[in-house]
Amino acid sequence: MIHPVYLVDDDEAVCRALSLLLSTVDIHVVAFTDPQAFLAQVPRLQPGCLIFDIRMPAISGLKLQERLAESGVGWPTIVISGHGDIEACRRAFRNGAVDFLSKPIDEQDIIDAIQKGQDALDLSLRQQAQQAETLNLLATLTPRERQVLDLVAQGFTTRQIANVLNLSPRTVDAHRVAIGTKLGTTSQAELTRLWLEGNGTA
230 MIHPVYLVDD DEAVCRALSL LLSTVDIHVV AFTDPQAFLA QVPRLQPGCL IFDIRMPAIS
290 GLKLQERLAE SGVGWPTIVI SGHGDIEACR RAFRNGAVDF LSKPIDEQDI IDAIQKGQDA
350 LDLSLRQQAQ QAETLNLLAT LTPRERQVLD LVAQGFTTRQ IANVLNLSPR TVDAHRVAIG
410 TKLGTTSQAE LTRLWLEGNG TA
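In our numbering, the protein residues as written are 230 to 431.
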């Protein structure tokens with residue numbers, strides 16, 4: 230899937246040039262010359278790849294990157310700069326940038342960087358969808374089944390689980406069958422993966 234590209238650069242000429250270039254390879258660009266206007270629109274935008282100029286008068290590209298991270302928006306970001314600032318480059322990558330490009334921007338470099346960002350976004354959205362599906366499955370478990378699953382995922386045997394929860398091994402086995410039916414697997418490895426995913430640690 231080709232996701233939109235959101236370009237934030239206070240230089241209108243750069244916005245026009247990049248928008249025109251990327252339109253020739255069927256990439257839809259939404260350009261903003263005001264970082265504040267972009268931030269106001271973010272809640273209404275569909276996920277996309279971000280291109281930020283590093284030096285803007287109101288909010289720098291790095292600060293914009295940090296603001297988005299604080300609000301839970303982790304879309305792939307490409308930072309562009311007219312100044313060879315190594316420390317800014319380091320900060321951009323620490324904040325999760327997928328690439329850092331210097332102006333004047335090489336056409337193939339920006340297209341390659343966007344492709345890298347598109348691939349990263351596809352992976353992130355798949356992982357989010359998978360985690361949402363896992364959470365929905367885990368929500369079907371009863372509180373007791375969830376307790377049993379927690380212990381299964383930590384490597385406890387049926388007998389150990391029975392001792393911890395003060396249940397008979399037969400009752401624990403019955404819970405394990407119910408858990409397997411609801412989650413679609415009886416594999417301990419797979420149950421552990423779902424448990425980790427549901428806890429956001431996979």
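A portion of the hints provided could be inaccurate.
Stated by the list, open to error - Taking lysine-lysine and the DSSO-like style, the derived pairs with C-alpha atoms no more than 27 Å apart in a straight line are: (1) LYS345 <-> LYS332; (2) LYS292 <-> LYS332; (3) LYS292 <-> LYS345.
Just so you know, these hints were derived from the structure itself, not from any lab.
So, going through the hints one by one against the coordinates:
1. Taking the CA atoms of LYS345 and LYS332, the gap is near 19 Å; set against the 27 Å cutoff, the hint holds.
2. Among the hinted pairs, LYS292 with LYS332 is consistent with the structure: their alpha-carbon atoms are about 19 Å apart, no more than 27 Å.
3. Simply put, LYS292 and LYS345 have alpha-carbon atoms about 22 Å apart, close enough for the 27 Å limit, and the pair holds.
Against the hints set out earlier in the document, no violation occurs for any number.
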